[in-house]
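Heads up: the sequence shown runs through residues 27 to 275, numbered per the numbering used here.
Since the hints were derived computationally from the structure, they do not count as laboratory data. Any given hint could turn out to be false.
Unchecked claim - Derived pair list, reagent style SDA-like, types lysine to any residue, alpha-carbon separation capped at 25 Å:
#, residue 1, residue 2
1, LYS38, LYS65
2, LYS93, ASP51
3, LYS240, HIS262
4, LYS115, THR56
5, LYS146, ARG220
6, LYS38, HIS87
7, LYS37, ILE110
8, LYS38, MET27
9, LYS41, THR56
10, LYS38, ARG220
11, LYS54, GLN216
12, LYS115, ASP51
13, LYS272, LEU224
14, LYS171, GLU147
15, LYS41, ALA217
16, LYS100, LYS146
17, LYS100, VAL145
18, LYS38, LEU224
19, LYS93, SER61
20, LYS275, GLN216
21, LYS146, GLY205
22, LYS93, GLU66
23, LYS115, SER129
What the hints assert, rightly or not - FRET-style restraints, in silico, Cβ to Cβ:
#, residue 1, residue 2, range
24, VAL135, LYS115, 36 to 44 Å
25, ILE110, GLU236, 37 to 45 Å
26, HIS274, TYR34, 18 to 26 Å
Ideal placement from N, C-alpha and C gives every residue a C-beta, glycine not left out.
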Amino acid sequence: MIGSVEKYLLKKIEKEGTIHMTLIDPEKVTPSSASQLAKEAEACGTAAIMVGGSTSFSTSHLDEVAKALKETVKIPIILFPNGITGITKYADAIWFMSLLNSSDPHFLVGAQVMGAPLVKEYCLEPIPLGYIIVGEGGAVSVVGKAVPIPYNEPESAVNYALTAECFGMRFVYLEAGSGVRQHVPAEMAQAVKRATRLTLIVGGGIRTGEQVKKIVEAGADIIVTGTVLEENNGRHKIKELIDSMKGHK
């Protein structure tokens, strides 16, 4: 069953072509600084705030950050968990995801088995997502014991995405990793989009409007940025990236 947050995202994609999401890592912010970044992002047109990171953090701190975000913005707060400690009741939805190219069953299904009861208890909307690590992969690749797909093997990304589709997942996320030097190649994003009916998310290493333009033209439905916003004082950079999405899909 498709919930209200997912319907909201799909409606925005249908209207705007490609939408932007701001990723906030709870470990790197205070509730106050997270709220300020989210407020600026919302004003610039970001569609939702994702909350999560690749390393462990205090559940109580996550609660404080997520609660502050909920009190500050009207757009959805979507959890992007690295495990059970990444789940809080102060959110609207959760990417209920499987790291498809992990070599560890824990990240394929184990963590999900542990987290599902909390998702139900907190009445979070689960949005099924196939998560695929590409290229360098960054910290998430190490933590998740992933075998990253090389940048020059789009056919491998397609095969994983098709697997996600066959499992019944409705979204697929091509992740290059936080703060990496190279983003997901446009050719890979295009291949996945053409081969599946999944809503395509691309994130990691996206720093400029020109990079955004190429990924949008390749068919991405959602672009996620986080590190670049932390490094560039928020508002100006978010506006640059979102403005670069317009009219290119």
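Hints, one by one, checked against the model:
For the hint pairing LYS38 with LYS65, the CA-to-CA distance comes to about 19 Å; that is within 25 Å, so the pair holds. Note on LYS93 and ASP51: the hinted pairing holds, with a Cα-Cα distance of about 14 Å set against a maximum of 25 Å. Taken as a hint, the LYS240 and HIS262 pair is honoured in the structure, with Cα atoms around 20 Å apart against an allowance of 25 Å. Proximity of LYS115 to THR56 is assessed by CA-CA distance (about 18 Å); at most 25 Å being required, the pair is judged to hold.
Taking the CA atoms of LYS146 and ARG220, the gap is near 34 Å; set against the 25 Å cutoff, the hint is violated. With a C-alpha separation of about 31 Å, the suggested pairing of LYS38 with HIS87 is violated against the 25 Å cut-off. Distance restraint check for LYS37 and ILE110: the Cα-Cα separation of roughly 30 Å exceeds the 25 Å cut-off, and the hinted pair is therefore not satisfied. About 19 Å separates the Cα atoms of LYS38 and MET27, which keeps this hinted pair within 25 Å; it holds.
With a C-alpha separation of about 34 Å, the suggested pair LYS41 and THR56 falls outside the 25 Å cut-off, and the hint is violated. Distance check on the hinted pair: LYS38 and ARG220 sit about 20 Å apart at the alpha-carbon level, within 25 Å; holds. With a C-alpha separation of about 32 Å, the suggested pair LYS54 and GLN216 falls outside the 25 Å cut-off, and the hint is violated. The straight-line distance between the Cα atoms of LYS115 and ASP51 is roughly 17 Å, inside the 25 Å bound, and the hint therefore holds.
Taking the CA atoms of LYS272 and LEU224, the gap is about 21 Å. The hint holds against a cut of 25 Å. Distance check on the hinted pair: LYS171 and GLU147 sit about 29 Å apart at the alpha-carbon level, beyond 25 Å; violated. Among the hinted pairs, LYS41 with ALA217 is consistent with the structure: their alpha-carbon atoms are about 23 Å apart, no more than 25 Å. Only pairs whose Cα atoms come within 25 Å are accepted, and LYS100 paired with LYS146 is accepted, the gap being roughly 23 Å.
Restraint check for LYS100 and VAL145: satisfied, since their Cα atoms lie roughly 21 Å apart, inside the 25 Å limit. Among the hinted pairs, LYS38 with LEU224 is consistent with the structure: their alpha-carbon atoms are about 15 Å apart, no more than 25 Å. Restraint check for LYS93 and SER61: satisfied, since their Cα atoms lie roughly 9 Å apart, inside the 25 Å limit. Of the pairs offered as hints, the one joining LYS275 and GLN216 holds, with about 12 Å between alpha carbons and a cut-off of 25 Å not exceeded.
With a C-alpha separation of about 33 Å, the suggested pairing of LYS146 with GLY205 is violated against the 25 Å cut-off. Distance hint between LYS93 and GLU66 is fulfilled; the C-alpha atoms sit about 17 Å from each other, no more than 25 Å. Between the alpha carbons of LYS115 and SER129 the distance comes to roughly 30 Å, so the proposed pair goes past 25 Å and is violated. Checked against the hint of 36 to 44 Å, the C-beta distance between VAL135 and LYS115 comes to roughly 23 Å, which is inconsistent with it.
The given range of 37 to 45 Å is respected by ILE110 and GLU236, whose C-beta atoms sit roughly 39 Å from each other. Between HIS274 and TYR34 the beta carbons are some 22 Å apart, a value that agrees with the proposed interval 18 to 26 Å.
The structure shown violates the earlier hints numbered 5, 6, 7, 9, 11, 14, 21, 23 and 24.
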